[in-house]
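Asker: With chain V held as given, fit chains B and A onto it using these hints.
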Amino acid sequence: MHISHSFLTWVAAILTIGIFSFLWKDNPFYKFCEHLFVGVSVGYGIAVTWYNGVYPDLVTPLFRQGKPLYIIPLVLGLCYFCRFIPKVSWVIRFPMAFVLGWGMGVTIPAWFQTLIVKQIQGTLLTPAIFARWDVLLWAIISFVGVICSVFYFFFSKEHKGALKLASETGIVFLMVGFGASFGYTVMARMSLLIGRLQFILRDWLGVIK
Amino acid sequence: MKFFHYLLKIDRRIIYIVMGLLVLLPLVKPLGLGVTSGPRAARLFRAVDSIPAGKALLISVDFDPASMPELYPMLTALMRHAFAKDLRVLLCGLWPTGTGLAIKAATEIPPEYGKKYGEDVVYLGYKPGVDAVILGMGENVKNVYPNDYSGRPLDSMPMMRRVQRLRDISMIVALSAGTPGYSDWLAYAQSRYGMKIGAGLTAVSAADAYPFLQSGQLTGLLAGMKGAAEYEVLVQKSNYSKAYMPAVAAMDSQSLAHVVIMILVIIGNIAYFATRKRRS
Amino acid sequence: MKRNIPLAICLGMGILMMIQFFVPHPASVAFYDLTTKWIRIVSAFALVLGVGSFVMYHTEKLRRRRTGWPYSIVALVAAAVSTVVGLAWGVKQTSPLQNYIFTPLLVPLNASMFAILAFYMASAAYRAFRARTKESALLLIAAFIVMLGMVPIGAAIWGKLPDLAEWILSVPNMAAKRAITFGVALGGIATALKVILGIERGWLGGGKQ
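Chains as they are written, first to last, in this note's numbering: chain V, 438 to 646; chain B, 21 to 300; chain A, 709 to 917.
Read the hints as simulated data drawn from the structure, not as lab findings.
One thing to keep in mind: the hints can contain errors.
Computed footprint of chain V on chain A; a stretch qualifies when at least three of its residues, placed anywhere within it, have a C-beta under 8 Å from a C-beta of chain V [as the list claims (entries may be wrong)]: (1) 746–752; (2) 755–765; (3) 884–890; (4) 896–910.
The C-beta atom is built at its ideal place from N, Cα and C for all residues, glycine as well.
Here chain V stands alone, though its shape is the one from the complex (with noise of 0.2 Å):
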């Protein structure tokens, strides 16, 4: 065991153990650290914004470039500041208005491309699949799966009959997608474990390499 002697790592792992506390049960030191979390966030946050964003976005080419133009996008984001005075919060709207506009006008396209266009490419059976059975007997079950699912959330008619029939197989691919995404997701909780554990046992503890 070859623990560490930087205080840096101490640090780091007291901060964990004190988060790890609230296992137990809730306590000051979880409280500190939780709201240590926050604020360093906050900060972390502002500081990256200001440099990577606004800084070089808007601080050089107004203030030192000399291009006009960029006093619209200034004062657009200047109004943000009016959701704090209560006589003037309705400011807000205008770059509100600008970036939801903006916003959904690229993004219908885009989705309607990405997930509807090329989703329907993917399911429709097309000559390739017959070159083997199992891909063809997989490209079935998955085509009568997508409708069936879809089929499911239809709400406007009442489930009855050949719908009805859809609708519960539908439900039995909505499950098994279920089941997968829980799997997937123990495995991501545990692997969130697993990484904190290595840092106490390896760069803290120093007892693995």
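Answerer: Frame of chain V, contents of chains B and A only:
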């Protein structure tokens, strides 16, 4: 019957202790189960491997320290693979808290292969705006990032003379812990600029990415820590790296953790149904 | 005016950006370039809202001496120190922000917060995951196969288990997730259209203004 009632009411801290010990033990005493790579990781590996020497690979670092155990090994393995193949690596990010991790990787990995910052690797930094960033890079990278993360002008970097816009990049690999992430790269970089995109995701979002893999929108997928381990193994087997593989080292613990969860679910269900029968 | 002008901006920007996707004319591309730059600047200012809410919440807690008020001092001081250190010395690799704030504080706190979820998952799995119905049993079976198949121990138990897990992910899971993707995409596009056309006005906020 009392035993089953006791099982149902067991203190959660006992479960935590059992869980913690069983995950800790394989880290200290490995089980030696080994890791083999799957088809999805192999697909991504082949795609990166086929990029000609001298071309650029863009890796988007869209995660924070919370997802570090799953995604940081993917980042290091990808960078080692790229440098071994003499590719240029361009890093950027859509998450502000991923900045420190990207800086760490951009500083620690290149010297292993004699690569230099500015010539072989550049980290552009974080930029707010997501879709505006991706769409802007599509037209001109320097319009979005006039400087790198530290404020150094991109014009002063030899690597950036050959990378003007997204189409000058051979492939994008998005390492994503959620949104913004690979779905934004697919929606904007691929739909508009036809970019080849691979993804490394946390296991939580990996199951949702399969439709994109099947439709061919994604070229390869690394899912969670297992995906990172698979890629590390592929890089090592191809003699591109001899570095320590943290994801592979964690796989024994991962295996045991999954078995523990399964046993807990089974025991919980047995106890539940046993007491329910008694009650009815 | 306070509502109509923002709605008009949203409508105008939305329609222009949708049309721009299909128009390669230089004027269209120039407009696209300009608005893309402005959006990044305005988006950066949105951080103001988060920071402002954080500061207001904690200062209010301090002022009214609500339960846990000393921790608000921790949060505010941490935010202030991180911001000053970041703005003063930058975000470079050797900066105090990376060496003394990100690596020893933010990384262990952030990582540990999520690592403890593994324990909650174990406890929840034991207490709450019951195969009460056929559907939930199917979900659990799929989860077990994926959980075992995706780790080395699965291959050690049965050589075909990883292939079965891969099949579950690639066929039924893929079909279910694709159906959900269609629903999300259609819903998202419909909502985007509603926002652009002013049918959805929730973003304007309440009040008589």
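Asker: Would you mind marking each hint as holding or not holding in the structure?
Answerer: Hints, verified against the model:
Requiring three or more residues with a Cβ within less than 8 Å of a Cβ of chain V, the coverage given for the region 746–752 of chain A holds, as 7 such residues are present. With a threshold of 8 Å between beta carbons, the proposed coverage of the region 755–765 of chain A by chain V holds, since 8 of its residues qualify and at least three are required. With 7 residues bearing a CB less than 8 Å from a CB of chain V, the region 884–890 of chain A meets the requirement of three and the coverage assertion stands. Counting residues of the region 896–910 of chain A whose CB lies closer than 8 Å to any CB of chain V gives 6, which reaches the minimum of 3, so the coverage claim holds.
Violated hints: none; the structure is consistent with every hint.
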